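There are 4 protein chains.
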Amino acid sequence: MESFREIGARLSNWNRWGPDDERGTVNHITPEAVVAAARLVRTGRVFDLGIPFASDGPQPGGARINPVHLMRDTGANQDFPGGFHFADDYIFMPLQCASQWDSLAHVFYDGLLYNGYPASEVGPRGAGRLAIDKLGKGITGRGVLLDVARLKGVEWLERGYVITPADLDEAAVRQGVTVGRGDILLIRTGWRRVFTTTGDSRRFMDGEPGIGLQCAEWLYEREVAALCSDNWAIEALPGEPDEKFAVHCVLIRDMGMPLGEILDFEELAEDCAADGVYEFFFSGPPIKFANAVGSPVNPLAVK
Amino acid sequence: MESFREIGARLSNWNRWGPDDERGTVNHITPEAVVAAARLVRTGRVFDLGIPFASDGPQPGGARINPVHLMRDTGANQDFPGGFHFADDYIFMPLQCASQWDSLAHVFYDGLLYNGYPASEVGPRGAGRLAIDKLGKGITGRGVLLDVARLKGVEWLERGYVITPADLDEAAVRQGVTVGRGDILLIRTGWRRVFTTTGDSRRFMDGEPGIGLQCAEWLYEREVAALCSDNWAIEALPGEPDEKFAVHCVLIRDMGMPLGEILDFEELAEDCAADGVYEFFFSGPPIKFANAVGSPVNPLAVK
Amino acid sequence: MESFREIGARLSNWNRWGPDDERGTVNHITPEAVVAAARLVRTGRVFDLGIPFASDGPQPGGARINPVHLMRDTGANQDFPGGFHFADDYIFMPLQCASQWDSLAHVFYDGLLYNGYPASEVGPRGAGRLAIDKLGKGITGRGVLLDVARLKGVEWLERGYVITPADLDEAAVRQGVTVGRGDILLIRTGWRRVFTTTGDSRRFMDGEPGIGLQCAEWLYEREVAALCSDNWAIEALPGEPDEKFAVHCVLIRDMGMPLGEILDFEELAEDCAADGVYEFFFSGPPIKFANAVGSPVNPLAVK
Amino acid sequence: MESFREIGARLSNWNRWGPDDERGTVNHITPEAVVAAARLVRTGRVFDLGIPFASDGPQPGGARINPVHLMRDTGANQDFPGGFHFADDYIFMPLQCASQWDSLAHVFYDGLLYNGYPASEVGPRGAGRLAIDKLGKGITGRGVLLDVARLKGVEWLERGYVITPADLDEAAVRQGVTVGRGDILLIRTGWRRVFTTTGDSRRFMDGEPGIGLQCAEWLYEREVAALCSDNWAIEALPGEPDEKFAVHCVLIRDMGMPLGEILDFEELAEDCAADGVYEFFFSGPPIKFANAVGSPVNPLAVK
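Chain order of the listed sequences is A, B, C and D.
With full-length UniProt numbering, the residue at position 107 of the first sequence is 107, and numbering never jumps.
With full-length UniProt numbering, the residue at position 117 of the second sequence is 117, and numbering never jumps.
With full-length UniProt numbering, the residue at position 65 of the third sequence is 65, and numbering never jumps.
With full-length UniProt numbering, the residue at position 21 of the fourth sequence is 21, and numbering never jumps.
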């Protein structure tokens with residue numbers, strides 16, 4: 001069986017967009033693709049795919065916590081001329097605690113980041129290369145939802161279920177949609193519902209359904225620009241034995257594909273099922289945190 | 001002379017969208033307006049209007065600081081099966097330290113928030129009403145840039161310069177654009193350049209050019225949905241004598257208009273001047289921070 | 001039955017040390033008492049009563065979280081002349097998440113703080129009066145441990161067990177020690193062990209054994225300077241029906257007594273049991289956080 | 001001239017207290033020394049040597065900022081049975097932003113920490129060895145103040161002034177005090193006054209007077225347990241040409257001596273000058289932050 005390193009080498013996009021590239025597969029989105037994507041806006045319905053950022057979010061604690069929101073001012077004890085009062089607030093949070101983009105500096109192996117940058121580019125002061133602000137103009141273009149949970153007729157796919165290329169093909173055929181160059185692909189596993197229906201952050205974070213390594217080639221061939229999911233780590237967990245996050249390794253480090261995680265496709269999926277239209281204009285700009293390896297996001301899908 | 005309270009009472013949108021409304025002038029954006037806005041995408045050029053979020057940002061310290069970005073993991077000291085390494089990071093910051101939306105809970109006077117909610121809705125735990133996540137699906141639609149600095153032929157308008165309705169009209173005429181219902185209006189003062197050319201955060205934050213109270217009526221009549229600027233507080237500062245942030249009071253608390261501040265219109269303005277097109281598709285979703293009075297943002301303008 | 005308000009009024013120390021006092025019962029510690037306390041150092045054994053400040057601490061999440069410790073520098077990616085490397089770190093935490101002093105601004109009722117200061121002294125920017133830095137020179141003097149868990153022959157007193165004045169008297173007699181003016185009293189409930197033996201933060205924080213309202217008078221009569229415990233809130237919880245933290249109300253707001261919580265008396269208690277000496281020199285200075293209502297602490301007991 | 005590496009090798013305490021030691025020169029403090037130190041308490045006067053922790057502290061921004069103190073609760077919007085109200089707060093800060101202990105993991109060179117531990121013990125998750133909590137029972141014992149600024153008759157020693165062994169000897173003779181085994185030595189440079197009189201954090205942090213490398217041997221010979229100063233980095237800055245923080249390298253990494261910085265000796269120094277007594281009981285326990293390389297502190301000197 002082919003190792004993830006072999007797969008990664010085969011699907012590598014290093015140098016495809018030059019030795020200084022820091023945008024990876026987002027380069028697949030051409031201006032023409034953006035224009036075509038805007039033409040998909042036909043009814044003006046807007047769907048926000050970000051989950052709430054709150055203390056009761058999906059992080060059970062540990063390496064990542066839920067956001068801590070604190071007020072610096074509430075308007076109390078203020079006495080400005082004219083009567084003006086203001087409120088102001090602070091946030092402390094992991095950049096990947098809720099709806100998020102993984103930057104291309106988030107994952108690496110064998111001492112090299114995407115495009116061959118040395119791992120030393122990531123250090124205590126952050127990422128010198130491939131930081132999330134390099135994707136500041138993105139990620140916007142044609143979005144396509146593949147609703148695998150609906151395809152299988154389940155509330156959610158089971159923990160550890162490995163989504164295959166056949167699943168994606170079948171969903172696309174059933175939905176009457178194709179996935180192609182420059183698309184932002186949204187895969188719905190239903191896993192978001194585990195958290196919204198049970199409120200159990202430990203269960204939500206203890207494994208998940210998701211794509212397997214075989215899907216990497218499927219994404220590569222179609223020249224997908226970015227991949228999003230309603231689980232927390234894109235890939236099936238537990239995954240391959242004796243390996244950790246092999247799909248991340250190939251997608252981020254070899255292919256240079258940004259990953260959007262912990263998104264909410266529920267309302268959008270209902271709408272797509274109702275009107276049979278699974279394509280839309282997608283706009284998911286990261287906040288331009290300098291040297292950061294991730295960013296919170298609230299992507300919009302506009303139909 | 002009419003007081004800001006009188007102006008606010010005259011331009012009030014309270015109850016216009018019902019007693020439970022928490023979206024204010026964003027209600028001006030209809031689905032039809034979103035469809036029409038998408039038709040403005042003609043070349044596929046994307047402009048990101050958010051500034052970098054970094055320790056050398058525009059906050060000189062005090063009530064608000066620049067973001068503090070800290071790495072939780074760099075990939076060092078990791079030994080996972082297969083060779084996977086990952087980096088992870090945290091942020092601590094005021095929600096209004098750089099490019100930002102002011103929520104409708106940000107400002108109030110006389111004990112009442114927008115739509116008549118009591119000021120007690122804002123407390124130590126945040127905003128029970130009018131928090132920024134209520135605008136999660138927005139703010140997206142037609143964007144229009146009025147480049148007042150260019151109109152006046154200056155690098156930037158002077159500190160304290162009060163932009164008038166006549167200025168806005170003149171800019172619109174000169175640019176061949178009209179501002180109407182549901183538009184997201186971007187007013188360029190050039191003030192962003194004070195920071196980018198001098199790096200002097202104290203100077204940037206010590207006053208600014210911006211609109212005066214008279215513009216509130218202009219915005220009200222045109223049914224503008226949201227207002228953005230490249231300064232840090234929309235309104236001219238120092239402003240009216242003996243009053244503090246009177247424009248904020250009227251726009252946010254009486255009219256219910258979200259304000260976008262500390263944005264960067266430089267690249268967009270160059271492009272608009274070059275092709276003479278000052279309208280575009282605008283997408284600026286806030287991050288859905290629960291109970292928060294503001295949000296960082298990186299809006300996209302797509303032409 | 002006497003209400004906590006009546007008890008508080010009877011035991012009030014307001015104005016006892018003048019209208020501007022912000023130190024409360026710490027005033028009971030005279031220079032002579034400090035000298036006498038130092039004479040208790042006979043063997044040079046030092047006991048640290050603070051618990052570790054770590055991500056696996058006793059906070060289960062919610063209003064208070066465990067400390068989040070992040071490295072700003074690890075020495076990686078540094079290249080200074082001579083070969084110097086340094087590490088540096090940040091902390092984000094509630095000031096009362098682990099071993100802590102409650103300042104006299106921490107609790108109030110009926111619109112008034114200790115010594116009659118209005119509750120408005122505490123606002124979004126912190127405490128204008130009675131902040132923890134007002135106790136910067138304290139809290140140091142004679143410490144006395146009353147080991148109620150040992151008296152009762154249990155690992156720990158049960159959740160909700162109300163320690164009575166009789167318990168305190170009995171422990172003092174059994175231990176051969178008296179409690180008097182200016183003493184810092186440490187009451188051992190054993191509750192710390194619930195966390196150290198089970199690691200169950202929810203159980204640790206869901207109620208506790210502790211003193212009841214009757215002990216307030218006992219403390220008042222003896223002119224105790226400060227009270228410390230190995231539970232998280234001094235008082236028995238659940239406590240009096242239909243009242244919340246009545247003991248805090250009386251001790252902090254009426255008597256002006258700082259409270260030390262989530263301390264670890266295990267090693268000290270073993271030593272005291274072994275040599276029969278339950279008095280020692282106590283040194284527990286708060287960190288001088290301006291306007292803060294609490295402080296982390298690591299008190300030392302020196303025998 | 002001897003390099004700092006040669007000096008460090010000559011003064012090394014590695015293995016002096018065994019291969020697992022993490023306390024360094026604090027081992028010089030014997031129980032007998034603690035008893036003797038307590039005997040120095042003669043009048044009961046207490047001096048707190050920590051500076052205020054506040055937003056207007058000595059950090060001008062950059063790698064370290066001043067503490068950010070935020071209220072989680074102020075008592076507003078609370079309605080508990082009985083009338084109880086409480087305030088609660090959070091802090092975000094560098095562990096070395098104000099009065100602080102440097103742990104023995106703070107500085108290293110040539111890939112090794114104190115006692116020969118590999119530098120890899122310090123990583124993104126903190127210090128596996130030599131963290132500040134290893135000094136939890138310390139640092140307490142006999143304190144001695146050497147007031148070099150007073151010796152020289154100046155408000156403060158000049159930036160870059162190198163304190164020599166002769167200066168220390170002369171101060172000791174003039175003051176009639178000796179420095180010996182297990183002492184916590186406080187060296188007063190007056191530099192604290194630069195900040196308190198000018199409020200200029202940039203000036204305070206841009207260099208300082210302090211000890212030179214020659215003093216390392218002086219401290220080694222006397223078996224000093226810990227060193228404190230009222231400057232921000234113990235050593236003269238700018239220091240040796242072409243080297244960075246050579247004194248830190250020798251004291252922390254070779255000798256294993258914890259350093260206390262940004263302390264305030266003003267009130268204590270006045271008192272010592274008045275009564276001619278420059279020795280006292282010193283109690284400066286760090287907060288036990290797990291894996292941390294520093295800790296805020298508010299040491300007490302008791303005379």
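No wet-lab data here; the hints were simulated from the structure.
Be aware that one or more of the hints could be misleading.
What the hints assert, rightly or not - With a cut-off of at most 30 Å between alpha-carbon atoms, the simulated BS3-like pairs for lysine-lysine come out as follows:
no.	chain 1	residue 1	chain 2	residue 2
1	C	Lys137	D	Lys137
2	C	Lys152	C	Lys244
3	B	Lys137	A	Lys137
4	D	Lys152	D	Lys244
The model shown is predicted, which means the values in this text are computed figures rather than measured ones.
Checked hints:
no.: 1; hint: C:Lys137 <-> D:Lys137; verdict: 20 Å, holds
no.: 2; hint: C:Lys152 <-> C:Lys244; verdict: 27 Å, holds
no.: 3; hint: B:Lys137 <-> A:Lys137; verdict: 20 Å, holds
no.: 4; hint: D:Lys152 <-> D:Lys244; verdict: 27 Å, holds
Consistency note: the structure conflicts with none of the earlier hints.
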